[in-house]
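K.L.:
Sequence:
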Amino acid sequence: TALLTHLGDNPAARAFRLGLPEAGVDGSLTGRMRNSAAQGRIHAKTGSMAFTYALAGYALTAANERLAFAIMLNNYRRPRDAGRPTAELDAIAIMLAELSERSVP
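Residue 1 is where the sequence shown starts when you use the numbering used here, and the numbers rise one by one after that.
Simulated from the structure, these hints should not be mistaken for lab results.
Model, not experiment: these values are computed from the prediction.
One or more hints might be untrue.
[Claimed, not checked] Restraint-style ranges between C-beta atoms, simulated for each label pair:
id, residue 1, residue 2, range
1, E65, F16, 26 to 34 Å
2, R80, T5, 36 to 44 Å
3, R80, L18, 30 to 38 Å
4, T1, G27, 16 to 24 Å
5, R77, A13, 30 to 38 Å
6, R80, A13, 15 to 23 Å
7, D9, R84, 27 to 35 Å
8, R14, A62, 20 to 28 Å
9, R102, H6, 35 to 43 Å
10, L3, E88, 19 to 27 Å
11, R78, H6, 32 to 40 Å
12, E98, R78, 30 to 38 Å
13, D26, R84, 34 to 42 Å
14, L3, N64, 21 to 29 Å
[Claimed, not checked] Below, simulated DMTMM-like cross-link-like pairs (lysine to aspartate or glutamate); rule was C-alpha separation at most 25 Å, straight line:
id, residue 1, residue 2
15, K45, E98
16, K45, E65
17, K45, D26
18, K45, E88
19, K45, D9
20, K45, E22
Just so you know, even glycine gets a beta-carbon here, dropped at the ideal spot from N, CA and C.
Please model the complete structure; the sequences and the hints are all you need to start from.
P.N.:
Have a look at this one:
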């Protein structure tokens, strides 16, 4: 998250942030986190390979604080009938978007 934080503080990096897929709106996040606190408030890149799933980017919290985050599920195996493995990533991202208090006073 150090690189994301550094880019997030750089005024020239606004295009980078806005170029990331937006939860529930476009890109690889079009169908994810719709009708949740994260819709339109999470800009992130997805990633996956065998038994590994990731989501990294920025969350705009309910307190209007921008947080850089990176979430990775490594060697993650779910039963076939348990649904998408990305559901856990989305749940964490939604929790970030729902934060109503600033993390730094």
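K.L.:
All hints, please: hold or fail.
P.N.:
Hint-by-hint comparison with the structure:
1. E65 with F16: 26 to 34 Å: 19 Å, violated
2. R80 with T5: 36 to 44 Å: Holds - the Cβ-Cβ distance for R80 and T5, about 37 Å, lies within 36 to 44 Å.
3. R80 with L18: 30 to 38 Å: 37 Å, holds
4. T1 with G27: 16 to 24 Å: 21 Å, holds
5. R77 with A13: 30 to 38 Å: 36 Å, holds
6. R80 with A13: 15 to 23 Å: 40 Å, violated
7. D9 with R84: 27 to 35 Å: 33 Å, holds
8. R14 with A62: 20 to 28 Å: 22 Å, holds
9. R102 with H6: 35 to 43 Å: Given range 35 to 43 Å: violated, Cβ gap about 20 Å.
10. L3 with E88: 19 to 27 Å: The hinted range 19 to 27 Å holds for L3 and E88, with Cβ atoms some 24 Å apart.
11. R78 with H6: 32 to 40 Å: 34 Å, holds
12. E98 with R78: 30 to 38 Å: Taking Cβ atoms as reference, E98 and R78 lie about 24 Å apart, which means the hint is violated.
13. D26 with R84: 34 to 42 Å: 19 Å, violated
14. L3 with N64: 21 to 29 Å: 23 Å, holds
15. K45 with E98: 19 Å, holds
16. K45 with E65: Within the cut-off at roughly 19 Å; holds.
17. K45 with D26: 11 Å, holds
18. K45 with E88: 15 Å, holds
19. K45 with D9: The hint holds at about 18 Å.
20. K45 with E22: 9 Å, holds
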